[in-house]
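For the protein sequence lines, the chains are A and B, in the order given. Take 8 as the starting number for the first sequence in my numbering and just add one per residue. Take 1036 as the starting number for the second sequence in my numbering and just add one per residue.
Rather than coming from a laboratory, the hints here were simulated on the basis of the structure. Any given hint could turn out to be false.
As a list, the in silico SDA-like pairs of lysine to any residue whose alpha-carbon atoms are at most 25 Å apart [to be verified]:
#: 1; chain 1: A; residue 1: Lys162; chain 2: B; residue 2: Ser1080
#: 2; chain 1: A; residue 1: Lys233; chain 2: B; residue 2: Val1051
#: 3; chain 1: A; residue 1: Lys463; chain 2: A; residue 2: Leu449
#: 4; chain 1: A; residue 1: Lys40; chain 2: A; residue 2: Leu449
#: 5; chain 1: B; residue 1: Lys1079; chain 2: A; residue 2: Asn208
#: 6; chain 1: B; residue 1: Lys1079; chain 2: A; residue 2: Asp186
#: 7; chain 1: B; residue 1: Lys1079; chain 2: A; residue 2: Ile21
#: 8; chain 1: A; residue 1: Lys20; chain 2: B; residue 2: Thr1077
#: 9; chain 1: A; residue 1: Lys40; chain 2: A; residue 2: Glu103
#: 10; chain 1: A; residue 1: Lys317; chain 2: B; residue 2: Val1057
#: 11; chain 1: B; residue 1: Lys1079; chain 2: A; residue 2: Gln310
#: 12; chain 1: A; residue 1: Lys108; chain 2: A; residue 2: Asn41
#: 13; chain 1: A; residue 1: Lys65; chain 2: A; residue 2: Lys233
#: 14; chain 1: A; residue 1: Lys163; chain 2: B; residue 2: Val1050
#: 15; chain 1: A; residue 1: Lys163; chain 2: A; residue 2: Gln184
#: 16; chain 1: A; residue 1: Lys163; chain 2: B; residue 2: Phe1084
#: 17; chain 1: A; residue 1: Lys235; chain 2: A; residue 2: Thr187
Incomplete in silico selection of chain B near chain A, CB under 7 Å [said to hold, decoys possible]:
#: 18; residue: Glu1049
#: 19; residue: Lys1079
#: 20; residue: Phe1081
#: 21; residue: Thr1082
#: 22; residue: Ile1083
#: 23; residue: Asp1088
The following residues of chain B were derived to be distant from chain A, with all beta-carbon distances above 12 Å [what the hints assert, rightly or not]:
#: 24; residue: Thr1047
#: 25; residue: Gly1048
#: 26; residue: Val1050
#: 27; residue: Thr1052
#: 28; residue: Lys1054
#: 29; residue: Leu1055
#: 30; residue: Val1057
#: 31; residue: Leu1059
#: 32; residue: Phe1060
#: 33; residue: Ser1080
#: 34; residue: Phe1084
#: 35; residue: Val1089
A virtual CB, placed ideally from N, CA and C, is assigned to each residue, including glycine.
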Amino acid sequence: MGGLPKKAFKLEKIYQDTSHNILVDAGALLFAKNSLSSGLEIEQAKITAAAIVEAYSKIGYEAVGVARQDLAGGISFLREQAARSTFPWISANLVERSTHKPIFQPSLILEKNGITIGITGLTGLVGQSPIDEDSETEILPWQQVLPQLLASLGKKCDIIILLSNLPHSENQLLSKQFDTVHVIIQSGITTNNLNPTLINNTLICQTEKQGKHLGQMEIQWRPSKKWKYEGNPVLLQKQNELDRLNWQLKRIRSKGTPEILYKNRPKALLSYHNLENKASMLKQEISREQSTETMLEDQSTYQNIFIPIKKEYPDLENIAQIVEQAKIDVNAIGKQRRARKALAGYKGTQSCQDCHVEQYDNWQATPHAKAYETLVAKSQQFNVDCLPCHVTGIDIDKGHLALSLQEDLLKVGCENCHGPGQDHAATPEQSNLLTPSATVCLKCHTDEHDDDFNYKRDRQLVH
Amino acid sequence: MAANSCPPLSKTGEVVTMKLFVTLFFVICALIPASLYGAAGTEKSFTIFYSNDVRGETEPCG
């Protein structure tokens, strides 16, 4: 959520003319996971989610898809959020079990620059994980809902956009089956931006995880409702072959007139004529291919770019206020639950100092020693989502336990990498400590939090 | 009296004028649907701005 005020800043600059522009989110914007573990984690995550909805409403989003992750707070929570959103939440296949009636809006029709745009959405079913809280809810397969919906939208709309939370492979299948879905914008976690790929008559695209980019697709839509195939591979291959032949012919001719040059070498002359014939045939074939292409002038085109949301962008003030307030609320609710208890097996960093003076002194100069203080500086020291990577001995999904940690574990100390040290401190001659591997570091130094992490280089900095 | 001095339209002149009007009428009638078709046949443009997975952080916790 930290980048939302920056995204809003960027959007304010580029998304102004709403008569020609449309702003949508494919979903997966409220929660990081499909299910949340503890009561406090859910409460804090819901505060953040509500702030995202408020920010999206202020930014002016026009439609948002319902992804599986957006249901982690329960259906009733999403219903509440939908009621206070200025934009519709779209899902055609998230339905009431008994009636198969969609819970949210199944589709939306917008008019932009004289084009009627139909938007629909599909919620993905990740494994067999049930939707918490509401057994009356069901996610239907796309095969069951799309035929009727597309037939209806197709009659009213010039172009149809699908906000899809389905896996990429399912979206490909769907594209092969229906040529009336013109654009699929995927949601969910993906490492890289996915450039639009044309399958049948559907462009599939997605921005990378963490909202680090904003997709911008300019569409020139023509009445044929067909996309133009860019870079005909057959034509390209033939053109390359012709270029190669022409280069060979030119090289021969540069030495003199072939008939004179090869007067006494009939085989070489024959080869030259064969090359000439081949080139001539290829020219004709290319010309035929090109004429077929020009017959398809009535095809639609697009240009797509991914706009990076850079850290150095300023924050848009009103969105920054929403985010800051959410952070304060998240921290406050965590603060109420704190308690001080010893963590079984852990001794604390101070006790390591007695024997490992040099390592301790080196460690003290590293960011690990101040990891908790950085949270305090941002008033996030009670945020269970952040805590596991800023303290010692807490698993990533057990952030709520960090609220009970003793003072000496409120840092990324020795035992965070080497394991609990109580036994070793009691009998130093017996070492049960671990030699940490890359996986220990990578639990926290993920792309999400540290995209510049290099294990070989950075492990030298630990102590 | 200058108006009265103008010679009246001849029968041939009336026919030519009438023919001109009729021709113009048909030309306009033919052009209207053609221009409408032309309008429908041209491309129209719009831009989609899209995002995904905003929940992740572009700024770490601390």
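Taking the hints in turn, this is what the structure says about them:
1. For the suggested pair Lys162/A and Ser1080/B, the alpha carbons sit about 20 Å apart, so the restraint of at most 25 Å is met.
2. With a C-alpha separation of about 49 Å, the suggested pairing of Lys233/A with Val1051/B is violated against the 25 Å cut-off.
3. As the CA atoms of Lys463/A and Leu449/A are separated by approximately 12 Å, the hinted pair is consistent with the 25 Å bound.
4. At roughly 18 Å between alpha-carbon atoms, Lys40/A and Leu449/A fall within 25 Å of each other, so this suggested pair holds.
5. Taken as a hint, the Lys1079/B and Asn208/A pair is honoured in the structure, with Cα atoms around 18 Å apart against an allowance of 25 Å.
6. Proposed proximity of Lys1079/B and Asp186/A is supported: the alpha carbons are some 20 Å apart, at most 25 Å.
7. About 20 Å separates the Cα atoms of Lys1079/B and Ile21/A, which keeps this hinted pair within 25 Å; it holds.
8. In summary, the hint linking Lys20/A to Thr1077/B is not supported, as the alpha carbons are separated by about 29 Å, beyond the 25 Å threshold.
9. Only pairs whose Cα atoms come within 25 Å are accepted, and Lys40/A paired with Glu103/A is accepted, the gap being roughly 23 Å.
10. Only pairs whose Cα atoms come within 25 Å are accepted, and Lys317/A paired with Val1057/B is rejected, the gap being roughly 67 Å.
11. Between Lys1079/B and Gln310/A the alpha-carbon distance is near 14 Å, which keeps this suggested pair within the 25 Å criterion.
12. Our distance criterion of 25 Å between C-alpha atoms is met by Lys108/A and Asn41/A, whose separation comes to about 23 Å.
13. With a CA separation close to 35 Å, the supplied pair Lys65/A and Lys233/A exceeds the 25 Å bound.
14. Distance check on the hinted pair: Lys163/A and Val1050/B sit about 50 Å apart at the alpha-carbon level, beyond 25 Å; violated.
15. For a cut-off of 25 Å, the pair hint linking Lys163/A to Gln184/A stands: about 20 Å separates their Cα positions.
16. With a C-alpha separation of about 23 Å, the suggested pairing of Lys163/A with Phe1084/B holds against the 25 Å cut-off.
17. Between Lys235/A and Thr187/A the CA atoms are separated by roughly 15 Å; this keeps the pair inside 25 Å, and the hint holds.
18. Interface restraint check for Glu1049/B: the shortest CB-CB distance to chain A comes to about 45 Å, outside 7 Å, so the restraint is violated.
19. Here the hint on Lys1079/B is kept, as its CB sits about 5 Å from the closest CB of chain A, short of 7 Å.
20. Checking Phe1081/B against chain A: minimum C-beta separation of about 4 Å stays under 7 Å; hint holds.
21. Residue-level restraint check for Thr1082/B holds (minimum Cβ-Cβ distance to chain A is 5 Å; threshold 7 Å).
22. Interface restraint check for Ile1083/B: the shortest CB-CB distance to chain A comes to about 5 Å, inside 7 Å, so the restraint holds.
23. With 7 Å as the threshold, the beta carbon of Asp1088/B comes within range of chain A, its nearest partner Cβ sitting at about 5 Å, so the hint holds.
24. A cut-off of 12 Å between C-beta atoms confirms that Thr1047/B is not in contact with chain A; the least separation is 48 Å.
25. Once the 12 Å rule is applied to beta carbons, Gly1048/B is consistent with being away from chain A; the minimum gap is 47 Å.
26. At the 12 Å boundary, the C-beta of Val1050/B stays outside the reach of chain A, the nearest C-beta of that chain being 44 Å off.
27. No beta-carbon of chain A comes within 12 Å of the beta-carbon of Thr1052/B; the shortest separation is about 41 Å.
28. Its beta-carbon lying about 38 Å from the closest one in chain A, Lys1054/B satisfies the requirement of being farther than 12 Å from that chain.
29. Listed as a non-interface residue, Leu1055/B keeps its Cβ farther than 12 Å from every Cβ of chain A; the least gap is roughly 36 Å.
30. Against chain A, the non-interface label of Val1057/B holds: every CB pair exceeds 12 Å, the least being about 34 Å.
31. The beta carbon of Leu1059/B is kept farther than 12 Å from every beta carbon of chain A, the shortest such distance being approximately 30 Å.
32. Residue placement check: Phe1060/B keeps its beta carbon more than 12 Å from all beta carbons of chain A (closest about 29 Å).
33. Here Ser1080/B does not stay apart from chain A, with its beta-carbon only about 5 Å from theirs, under the 12 Å limit.
34. A beta-carbon of chain A is positioned within 12 Å of the beta-carbon of Phe1084/B; the least distance is around 5 Å.
35. With a minimum CB-CB distance of about 4 Å to chain A, Val1089/B fails to clear the 12 Å threshold, and the non-interface call is violated.
In summary, the structure is inconsistent with hints 2, 8, 10, 13, 14, 18, 33, 34 and 35 from the numbered list given earlier, while agreeing with the others.
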